[in-house]
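Just need the whole structure built from these sequences, with the hints factored in.
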Amino acid sequence: MSRGRLLSKGGAALALLGPACAFARAFYDFQTPVTPIGRDVLFIHDLFLVIIAALFLGGTGTLLYSVYAHRYRLNRKPASFTGPVGAKQWIWAGIPFAALLFLDYVILGIPALHSILALADMSGSALTIKVTGRQWNWQYEYPTYGIRFTSTLSTPQDQIANRAPKDEHFLLEVDRPLVLPTHEKVRIILASADVIHAFWVPSFGIKQDAVPGYLRQTWVEIDKPGTYRGQCAELCGVGHAFMPIVVVAKSPQDFNRWVGREHADEAAQQAASSATYTRDELVAAGKKVFDTNCAACHQPNGLGIPGAFPPIAGGHAFAAAAPMISALESRGFYKNGDIVVGPVADHIRIVLQGIPGTPMPSFASQLSPADIAAVVTYERNEFGNHTGDAVEPAQVAAMKAGH
Amino acid sequence: MSATEHTADSPPRGITRWLYATNHKDIGKMYLLFGIAMFLVGGLLAELIRAELLTPTMRVLSPEAYDQVITVHGLVMVFGALMPITAGLANYLIPIMVGAPDMALPRLNNWGFWLLPPAAILLVMPWGLKLIGIGSGTIDAGWTMYAPLSIQSGPGADFAFIAVLLLGLSSTMASINIIVTIINQRAPGMTMMKVPVFVWSWLITALLLIAVFPALMAGVIMLVGDRHFGTHFFSAAGGGDPVLWEHIFWFFGHPEVYILLLPTAGIMPHILATFARKPIYGYKAQVYSFCLIGVLSVVVWAHHMFTSGMPTAANIYFMLSTMAISVPVAVLFFCWFGTLWRGAMSFETPMLFALGYIVLFGIGGLTGLVLSDAAADQQYHNTYFLVAHFHYALFGGPIMGVIAGIYYYLPKVTGRMYSETIGRWHFWLCFIGFNVTFMPQFLLGVAGMPRRIPDYALQFSHLNMISSISAFVLGASQLLMVYNIVRCIRGEGERASDQVWTGARGLEFTLPSPPPFHTFQTPPVVN
Numbered sequence: 001m002s003r004g005r006l007l008s009k010g011g012a013a014l015a016l017l018g019p020a021c022a023f024a025r026a027f028y029d030f031q032t033p034v035t036p037i038g039r040d041v042l043f044i045h046d047l048f049l050v051i052i053a054a055l056f057l058g059g060t061g062t063l064l065y066s067v068y069a070h071r072y073r074l075n076r077k078p079a080s081f082t083g084p085v086g087a088k089q090w091i092w093a094g095i096p097f098a099a100l101l102f103l104d105y106v107i108l109g110i111p112a113l114h115s116i117l118a119l120a121d122m123s124g125s126a127l128t129i130k131v132t133g134r135q136w137n138w139q140y141e142y143p144t145y146g147i148r149f150t151s152t153l154s155t156p157q158d159q160i161a162n163r164a165p166k167d168e169h170f171l172l173e174v175d176r177p178l179v180l181p182t183h184e185k186v187r188i189i190l191a192s193a194d195v196i197h198a199f200w201v202p203s204f205g206i207k208q209d210a211v212p213g214y215l216r217q218t219w220v221e222i223d224k225p226g227t228y229r230g231q232c233a234e235l236c237g238v239g240h241a242f243m244p245i246v247v248v249a250k251s252p253q254d255f256n257r258w259v260g261r262e263h264a265d266e267a268a269q270q271a272a273s274s275a276t277y278t279r280d281e282l283v284a285a286g287k288k289v290f291d292t293n294c295a296a297c298h299q300p301n302g303l304g305i306p307g308a309f310p311p312i313a314g315g316h317a318f319a320a321a322a323p324m325i326s327a328l329e330s331r332g333f334y335k336n337g338d339i340v341v342g343p344v345a346d347h348i349r350i351v352l353q354g355i356p357g358t359p360m361p362s363f364a365s366q367l368s369p370a371d372i373a374a375v376v377t378y379e380r381n382e383f384g385n386h387t388g389d390a391v392e393p394a395q396v397a398a399m400k401a402g403h
Numbered sequence: 001m002s003a004t005e006h007t008a009d010s011p012p013r014g015i016t017r018w019l020y021a022t023n024h025k026d027i028g029k030m031y032l033l034f035g036i037a038m039f040l041v042g043g044l045l046a047e048l049i050r051a052e053l054l055t056p057t058m059r060v061l062s063p064e065a066y067d068q069v070i071t072v073h074g075l076v077m078v079f080g081a082l083m084p085i086t087a088g089l090a091n092y093l094i095p096i097m098v099g100a101p102d103m104a105l106p107r108l109n110n111w112g113f114w115l116l117p118p119a120a121i122l123l124v125m126p127w128g129l130k131l132i133g134i135g136s137g138t139i140d141a142g143w144t145m146y147a148p149l150s151i152q153s154g155p156g157a158d159f160a161f162i163a164v165l166l167l168g169l170s171s172t173m174a175s176i177n178i179i180v181t182i183i184n185q186r187a188p189g190m191t192m193m194k195v196p197v198f199v200w201s202w203l204i205t206a207l208l209l210i211a212v213f214p215a216l217m218a219g220v221i222m223l224v225g226d227r228h229f230g231t232h233f234f235s236a237a238g239g240g241d242p243v244l245w246e247h248i249f250w251f252f253g254h255p256e257v258y259i260l261l262l263p264t265a266g267i268m269p270h271i272l273a274t275f276a277r278k279p280i281y282g283y284k285a286q287v288y289s290f291c292l293i294g295v296l297s298v299v300v301w302a303h304h305m306f307t308s309g310m311p312t313a314a315n316i317y318f319m320l321s322t323m324a325i326s327v328p329v330a331v332l333f334f335c336w337f338g339t340l341w342r343g344a345m346s347f348e349t350p351m352l353f354a355l356g357y358i359v360l361f362g363i364g365g366l367t368g369l370v371l372s373d374a375a376a377d378q379q380y381h382n383t384y385f386l387v388a389h390f391h392y393a394l395f396g397g398p399i400m401g402v403i404a405g406i407y408y409y410l411p412k413v414t415g416r417m418y419s420e421t422i423g424r425w426h427f428w429l430c431f432i433g434f435n436v437t438f439m440p441q442f443l444l445g446v447a448g449m450p451r452r453i454p455d456y457a458l459q460f461s462h463l464n465m466i467s468s469i470s471a472f473v474l475g476a477s478q479l480l481m482v483y484n485i486v487r488c489i490r491g492e493g494e495r496a497s498d499q500v501w502t503g504a505r506g507l508e509f510t511l512p513s514p515p516p517f518h519t520f521q522t523p524p525v526v527n
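Top line first, the protein sequences correspond to chains A and B. For the first sequence, the working numbering begins at 1 and goes up steadily by one. For the second sequence, the working numbering begins at 1 and goes up steadily by one.
Among the hints, a few may not be true.
[Claimed, not checked] Partner residues aside, some chain A positions facing chain B, computed with beta carbon under 7 angstroms:
| hint | residue |
| --- | --- |
| 1 | Ala112 |
| 2 | Ala120 |
| 3 | Ile206 |
| 4 | Gly213 |
[Unchecked claim] Some, not all, of what chain A presents toward chain B, calculated at C-beta under 7 angstroms:
| hint | residue |
| --- | --- |
| 5 | Val41 |
| 6 | Leu57 |
| 7 | Gly59 |
| 8 | Thr60 |
| 9 | Arg71 |
| 10 | Ser80 |
| 11 | Asn162 |
| 12 | Leu171 |
| 13 | Val195 |
The hints are simulated quantities; they were obtained by calculation from the structure and are not laboratory data. Here the structure is a predicted model, which is why all the values come from computation and not from measurement. Where a beta carbon is used, it is the ideal one built from N, C-alpha and C, also for glycine.
Pasting the structure below:
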């Protein structure tokens, strides 16, 4: 039945061609590392893959040879040995295992140990930043410079919903990237506001969990200016795929210039907090804020998700767990099984403080008073809620300050 | 005749035969059918996942539904499919293989099985409830159920936690039964070192199970406490730590993968020896390897947590201990090769799947070596590289192994030969389909694609599409096995002889096919 044999060998070859090509291509698909750790990791990756490719090909080759040479159809008399016989055979049998131990602990283990120790060494950091993971964006803070901002996915909902063609950095673009200097060791302290997230930038070769209630740390020293993109790497809820990390690395001089500009912007934003806007201006700005920050849960059409996220539109039925319902009721947003439009002050307070014990987060540190004023105005005049209310930034700033 | 009275060859009739079953063959068959049904359910969920990932923004599932589907896919495949199938093989085969009339604790056996259908229903019931407007679906925090995400999950998660408790109870009961049977019920003359390899593999598996499942069950109870009873095990604000859950889960979770692996590592030598017409190579070495794997598997768990921020010393220790497991696993490979070498091989379907197991589980194991490097793991952890690794390890190993075992024993259990042609089609579609589905995922991981995401960046498009289309072929090919199983159960196909396979040895192949309802009521003589 040589046809069957041929088919079997052909099938085996086909099935192995895939893995063989893949092992080769794997070298080319890794993103180019720009940090010492990244380069170490790429070296280990390449070394490992060559070794395991050799082991795999050796093993599979032996298997295929045996399958061919020791077939029943050759009218063989099968052997009957059940183990190594004699010292020579025992030595031959022991060689693969000695080789494996050598591979594991010397060839692979020593570079690995070196990298682990290097990764744990935070000394000599020129700059420390704090990265806070939240559902579903990242907040970056430069304690030395007093700069703090939130970095949210900026891919439009239309592209995600397949209503518009996707741009090049689909799902890997943000409104405000993390800016870091090159050629300086930057210590990154990680925190989380809610659940476990993970900060991962493949080009940097680092990934570290952000654990709520605890601080974690890692470091990078970027050797080339450029834009580097990564994603959250720990399942954190429905927005897990939608909280990318974008790092723009600038030369130290450009970085200092950026810091200066940020301070200037901050001042401008303080001014905006006391400016007055028309209702239409607020609604237009509010739509942008809503789509970026609120639509993930409350949905772009404001109808929420039954049982989980309340509708923004008044007059809609909503049923959920008792704590959520009582929280909404006590704030005037729920009556007789329906969502209703509650008092303005309570509306602002919900956005500022969130609702503890539910997924509604506090936006006080993420959105400026101008943004909160805009989004509350938008919500109160859209989705069928025609309250005519216009909330000014000053009102929000006052509530934020504790009135 | 009353419901339970019967003679040696006439089992009780009607539904009570199955509901009140205490016969190990009946219970084994129920475990197998349940497990295979759950395998198809888990497979359907996998097809939904791959359909969602066919293009970057396919909207087969909303992100909420997607998270639930990936979670239930994992829970069903691990707890609903693989564990019951291996338990079914254990129940059916172990008493026969040791020459005992039945398992040591037949009523415990019954209860152990019948906990499973309610557990399965509980896992998926929240979806049914959602369809009629109650609740928001089932658990969505991944099969690893990390806190605090799982504490945020909706009420459907509690159904899953109760299901896990029931599954744990069931596995514990089955394991106790297996250990007692193996220790106590062997036929005279059958010393421990004469016991078939499969029996040894289940002895170690059962010991591991009763050692680590309580950890998961305790952890799940702690999760329920944090969710509903005001405890703070996993919340820093209350003095707890989310990473505590990770430790508890993986202390169970890593031995769990060896619990899934060892039974099929025990079947492999039987199948290879039969079709190579040679005795098993390295019986003692394999037995010692099982024991060593069992011991090592409980001290390596935190290699799943290299990015969670453990102290450096911990990362180094777990890396070094994980590398050590490669040695006993390599011994197993060596013995499988030794069994084949200079044999006289024929390539019936069980042999094809056994050979495929060696190749695919080999890839799974070798890529595990890469992952054990605590520094390099930063690039692989929670990416598609990891997804590919564990599918090669879990599908390429245990699933291929149970499929091989099913084909191997189908003629014995049903008394009919399956269709060899359909079996071969199944193997090739499965083997090629599996490789084309999962090999690209190694590349996706290396290129930077994280896991557990319903939409992805554009550079991952082509490999995802290839993977998805191939996944549909892989899934469809399993129906060929279902056809073969149904064919045999319905009594179609050639009658099988007692020995079934010319190279087969062992007590099970001295019995008729199918064996009578009660076997070895007089213990056989073993020399």
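These are the hints, each one checked on the structure:
| no. | hint | verdict |
| --- | --- | --- |
| 1 | Ala112 | holds (4 angstroms) |
| 2 | Ala120 | holds (4 angstroms) |
| 3 | Ile206 | holds (6 angstroms) |
| 4 | Gly213 | holds (2 angstroms) |
| 5 | Val41 | holds (5 angstroms) |
| 6 | Leu57 | violated (11 angstroms) |
| 7 | Gly59 | holds (6 angstroms) |
| 8 | Thr60 | holds (6 angstroms) |
| 9 | Arg71 | holds (5 angstroms) |
| 10 | Ser80 | holds (6 angstroms) |
| 11 | Asn162 | holds (5 angstroms) |
| 12 | Leu171 | holds (5 angstroms) |
| 13 | Val195 | holds (4 angstroms) |
Checked against the numbered hints above, the structure breaks only hint 6 and satisfies the rest.
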